[in-house]
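Make a model of the complete structure from these sequences and hints.
Chain residues, written in single-letter form:
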Amino acid sequence: GAVVSQHPSWVICKSGTSVKIECRSLDFQATTMFWYRQFPKQSLMLMATSNEGSKATYEQGVEKDKFLINHASLTLSTLTVTSAHPEDSSFYICSAGQGAGNQPQHFGDGTRLSIL
Amino acid sequence: TQLLEQSPQFLSIQEGENLTVYCNSSSVFSSLQWYRQEPGEGPVLLVTVVTGGEVKKLKRLTFQFGDARKDSSLHITAAQPGDTGLYLCAGEEGGSEKLVFGKGTKLTVNP
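For the protein sequence lines, the chains are E and P, in the order given.
Per the working numbering, the first sequence runs over residues 631 to 746.
Per the working numbering, the second sequence runs over residues 144 to 254.
Just so you know, not all the hints are guaranteed correct.
[To be verified] So the derived label-pair ranges between C-beta atoms look like this: (1) P:251 to E:691: 29 to 39 Å; (2) E:716 to P:182: 31 to 41 Å; (3) E:637 to P:218: 30 to 40 Å; (4) E:682 to P:224: 35 to 45 Å; (5) P:173 to E:683: 23 to 33 Å; (6) P:225 to E:713: 41 to 51 Å; (7) P:221 to E:638: 31 to 41 Å; (8) E:670 to P:148: 12 to 22 Å; (9) P:183 to E:650: 14 to 24 Å.
[Said to hold, decoys possible] Below 16 Å or equal to it, Euclidean Cα-Cα: the simulated EDC-like pairs (lysine to aspartate or glutamate) are: (10) P:213 to P:197; (11) E:671 to P:184; (12) P:199 to P:214; (13) P:241 to E:717; (14) P:249 to P:181; (15) E:696 to E:717; (16) P:213 to P:148; (17) E:671 to P:181; (18) P:213 to P:184.
No lab work stands behind these hints: they were computed from the structure.
All C-beta atoms in this analysis are idealised placements derived from N, C-alpha and C, irrespective of residue type, glycine included.
Laid out in structure tokens, this is it:
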């Protein structure tokens with residue numbers, strides 16, 4: 631089945647550091663990838679839609695200059711949290727779609743980001 | 144943005160009991176998916192329902208999509224401790240691939 635690999639799985643860093651998270655579709659091409667954020671005991675909230683070869687589409691309230699998304703190829707999207715602060719600590723999850731037409735999204739295992 | 148109301152938020156039952164989780168919306172979704180998520184991991188797809196009135200079964204789990212494609216339910220028969228986890232419903236906004244997630248149901252099945 632379709633596999634999405636997310637790396638790293640856990641990051642601890644100091645306030646002010648920029649952190650890059652990678653999301654790879656291992657056995658299929660994904661023209662669209664999605665980035666979610668999940669706070670403890672809460673559900674997944676969509677942050678942005680990453681489109682290969684074009685700019686990401688951000689959800690309302692998500693700062694595009696804070697959360698930089700690059701989708702350089704059909705198998706890789708990256709999320710960079712710039713100048714991270716403790717309030718950015720969360721569980722970040724990516725998913726990859728295989729196109730519309732009721733095809734399910736495949737989720738990565740998430741990245742636990744802790745900012746000290 | 145479409146919203147999905149999921150209930151109950153928490154459910155603690157004894158092994159062997161039955162349970163139902165509900166997802167409701169005032170909006171129509173092109174499809175609705177149910178996921179199960181373990182702590183520290185990404186959601187794992189259980190089922191996708193597409194057609195209004197559709198019923199799908201996965202062993203002891205029964206999923207139903209409302210006739211109007213605005214609501215869905217997950218019914219578990221004879222729950223087991225291995226069913227413990229966070230269950231999430233997610234609706235796909237028409238034509239966009241974007242998923243709207245419910246708040247989740249934290250299920251605990253006690254032996």
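Verdict for residue 221 (chain P), residue 638 (chain E) (Cβ pair) under range 31 to 41 Å: 39 Å Cβ-Cβ, so the 31 to 41 Å window holds.
Range hint 23 to 33 Å (beta carbons of residue 173 (chain P) and residue 683 (chain E)) holds or violated: This hint holds: roughly 25 Å between Cβ atoms.
Outcome of range test on Cβ distance (residue 716 (chain E), residue 182 (chain P); 31 to 41 Å): violated (21 Å)
Residue 251 (chain P) versus residue 691 (chain E) beta-carbon gap, inside 29 to 39 Å or not: holds (32 Å)
16 Å limit on alpha-carbon distance, applied to hinted pair residue 249 (chain P) and residue 181 (chain P): holds (10 Å)
Agreement of residue 199 (chain P) and residue 214 (chain P) with the hint, judged by alpha carbon distance not exceeding 16 Å: holds (14 Å)
Consistency of beta-carbon spacing, residue 224 (chain P) to residue 682 (chain E), with hint 35 to 45 Å: At 42 Å between Cβs, range holds.
Outcome of range test on Cβ distance (residue 637 (chain E), residue 218 (chain P); 30 to 40 Å): The hint (30 to 40 Å, Cβ to Cβ) holds, given that residue 637 (chain E) and residue 218 (chain P) are roughly 37 Å apart.
Distance restraint between residue 696 (chain E) and residue 717 (chain E), which requires alpha-carbon spacing of 16 Å or less: Holds. Residue 696 (chain E) to residue 717 (chain E) sits at ~12 Å (cutoff 16 Å).
Consistency of beta-carbon spacing, residue 650 (chain E) to residue 183 (chain P), with hint 14 to 24 Å: holds (20 Å)
Holds or violated: residue 213 (chain P) to residue 184 (chain P), with C-alpha atoms at most 16 Å apart: Since the Cα atoms of residue 213 (chain P) and residue 184 (chain P) sit roughly 28 Å apart, the hinted pair is violated (cutoff 16 Å).
Hint consistency between residue 671 (chain E) and residue 184 (chain P) [alpha-carbon to alpha-carbon, up to 16 Å]: OK: residue 671 (chain E) and residue 184 (chain P) at ~13 Å, within 16 Å.
When each numbered hint is compared with the structure, violations occur for hints 2, 13, 18.
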